[in-house]
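> In case you want the letters, here they are:
Protein chains: 2
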Amino acid sequence: MKNLLLASTSTIYGSAFLEYLMPELSILFAGVQNVTFVPYARPGGITEQEYTRKTAEAFAAIGIKVIGLDHQKDPKSALRDAEAIFTGGGNTFLLVKRLYELGLMSVLKEVLASGTPYLGTSAGTNICGQTMSTTNDMPIVPIPHHEVLQQIPFNINPHYTEPEQNSQHMGESRETRIREYLTQNSTAVIGLREGSWLRVIGPDISLQGSGHAAVFKKNKPTFYVAPGQDLNTLI
Amino acid sequence: MKNLLLASTSTIYGSAFLEYLMPELSILFAGVQNVTFVPYARPGGITEQEYTRKTAEAFAAIGIKVIGLDHQKDPKSALRDAEAIFTGGGNTFLLVKRLYELGLMSVLKEVLASGTPYLGTSAGTNICGQTMSTTNDMPIVPIPHHEVLQQIPFNINPHYTEPEQNSQHMGESRETRIREYLTQNSTAVIGLREGSWLRVIGPDISLQGSGHAAVFKKNKPTFYVAPGQDLNTLI
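Sequence order for the protein chains is A and B. Under the numbering used here, the residue at position 26 of the first sequence is numbered 35, and the numbers go up by one with no gaps. Under the numbering used here, the residue at position 174 of the second sequence is numbered 183, and the numbers go up by one with no gaps.
The following block holds chain A by itself, in its conformation from the complex (with noise of 0.2 Å):
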């Protein structure tokens, strides 16, 4: 039975790595002993052995101990061994080309039908989707296919927000960029905030944390669902 959980960031405003989340990560993570993280985002171009240090100092607080896939010989064995799994935020492209090079999109597919527990952030949420078509994320790196692992029935936008009050600045809104997604895509996104979560159990799927999700789909207007909400239903 699936067993997910995917939040929009790994970090709110004001806030340490992870600190925001860890009352949830205890009942995710309950009984666990090691959490088996996925590093190839690298958020800032940090390296994989440098955000698996992180990722470890995290989970330490909560007694749980962290094994970088970068450690690893045989990623493909050690996540399909994993106890529960992490994978951090960063650049998607960056990941999803990891994850296709290394073999590890089945394997994840696998894993997470068969029940392991996992946590996503920002880009580890992003390719729960059906496609990774709706990142934030700078396209540094091409990659083989837009189909992730698709663990739920729509697309996710991490980080979602309204537009700045008052900027000049003349890029797309986030909105707009969504809107266009939908004139080539028939797959609807969920806008996740900051400091809001998708908590998936078994075929449940329901909104956490604070804020509204925005919810677009083809040629609908826009709505939003509250924290607490199920998603199966409105999809």
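For the record, the hints were derived by calculation from the structure and aren't laboratory data. Any given hint might turn out to be false.
A pair holds if it fits inside one copy or across any two, identical chains being indistinguishable in the list.
What the hints assert, rightly or not - Here are the simulated DSS-like cross-link-like pairs (lysine-lysine), alpha carbons at most 30 Å apart as the crow flies:
id: 1; residue 1: 229; residue 2: 106
id: 2; residue 1: 227; residue 2: 74
id: 3; residue 1: 106; residue 2: 227
id: 4; residue 1: 227; residue 2: 63
id: 5; residue 1: 74; residue 2: 85
id: 6; residue 1: 85; residue 2: 227
id: 7; residue 1: 11; residue 2: 82
id: 8; residue 1: 229; residue 2: 63
id: 9; residue 1: 85; residue 2: 226
id: 10; residue 1: 63; residue 2: 118
id: 11; residue 1: 226; residue 2: 74
id: 12; residue 1: 118; residue 2: 106
id: 13; residue 1: 106; residue 2: 11
id: 14; residue 1: 82; residue 2: 118
id: 15; residue 1: 226; residue 2: 63
Since chain A is already given, all that's left is putting chain B on it; use the hints.
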């Protein structure tokens, strides 16, 4: 001899579409009666036809007729025969996908090298770099290659901006994204602010308009160039 005007944006705050560029366009398009328009980027998801109409209205002000590629049965010949070309902004992925699937990328390369005057704005500017990998746009469709027209020896990040003051948003800054790009690539990147453009005449590339451009090179600190400055020697 190359003759390109590569603008960060089509529209600056408080001004109409292309308005701030009109004095420059009278020079770039001096003696030109018809501009062939590449409408494939479709900003905000508008149709190619709507985009061509909008562009035709703007060019009517300087007595130039617009020929949209959306109206051409043979867009390859239309580009080869063009007196001048304008590629408008919108979604870079959509633009690049269409250029490749219609076989127009190589034709555009040819005609720009042979001296057809060219205006690019935003996505239309980005595609004159080495790759499109430093676009800000959402990857709403897969593309076959990241390589684009390679008219200048670096990449462009259009709509370049620093983070909003006092923002509590945790998404990456533009500089962070470009630095992530440089962990995977060695092509330099010019962050081109709204209101500024590159003027390319033969082998000469200079920054014009308002605002300093940010220059990002692998393993070097970011530096800034002033309007009027030559960019050839900087890369």
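> Could you run down the list of hints and mark each one as holding or not?
Tested hints:
For a Cα distance limit of 30 Å, the shortest separation of residue 229 from residue 106 across copies, 26 Å, qualifies, whereas the shortest one inside one copy, 33 Å, does not. Neither within a single protomer nor between protomers do residue 227 and residue 74 lie at most 30 Å apart by alpha-carbon distance, with minima of 43 Å and 35 Å respectively. Taking identical chains as interchangeable, the C-alpha atoms of residue 106 and residue 227 lie at most 30 Å apart whether they share a chain (28 Å) or sit on different chains (21 Å). With identical chains, the CA atoms of residue 227 and residue 63 are at most 30 Å apart between copies only, with a shortest distance of 24 Å across copies and 40 Å within one.
Taking the closest pair of Cα atoms, residue 74 and residue 85 come within 30 Å of each other only inside a single copy of the chain (19 Å); across copies the shortest separation is 59 Å, beyond that limit. When the C-alpha separation of residue 85 and residue 227 is checked against a cutoff of 30 Å, the pair qualifies neither within a copy, at 37 Å, nor between copies, at 32 Å. Taking the shortest alpha-carbon separations for residue 11 and residue 82, only the intra-copy value of 27 Å comes in at or below 30 Å, while the best inter-copy value is 51 Å. For the identical chains of this complex, residue 229 and residue 63 are inter-copy neighbours only, at 25 Å across copies versus 42 Å inside a copy, given an alpha-carbon limit of 30 Å.
For the identical chains of this complex, residue 85 and residue 226 are neighbours neither inside a copy (36 Å) nor across copies (36 Å), given an alpha-carbon limit of 30 Å. With identical chains, the CA atoms of residue 63 and residue 118 are at most 30 Å apart within one copy only, with a shortest distance of 26 Å there and 46 Å across copies. Taking identical chains as interchangeable, the C-alpha atoms of residue 226 and residue 74 are never at most 30 Å apart, the minima being 40 Å within one chain and 38 Å between chains. In this assembly of identical chains, residue 118 and residue 106 lie within 30 Å of each other by CA distance both inside one copy and across copies; the values are 16 Å within and 29 Å between.
With identical chains, the CA atoms of residue 106 and residue 11 are at most 30 Å apart within one copy only, with a shortest distance of 24 Å there and 36 Å across copies. In this homomeric assembly, residue 82 and residue 118 come within 30 Å of each other (Cα to Cα) only inside a single copy, at 20 Å, whereas the closest approach across copies is 45 Å. For the homomeric pair residue 226 and residue 63, the shortest alpha-carbon distance between copies (27 Å) is at most 30 Å, but the shortest distance inside one copy (37 Å) is not.
Against the hints set out earlier in the document, violations occur for numbers 2, 6, 9, 11.
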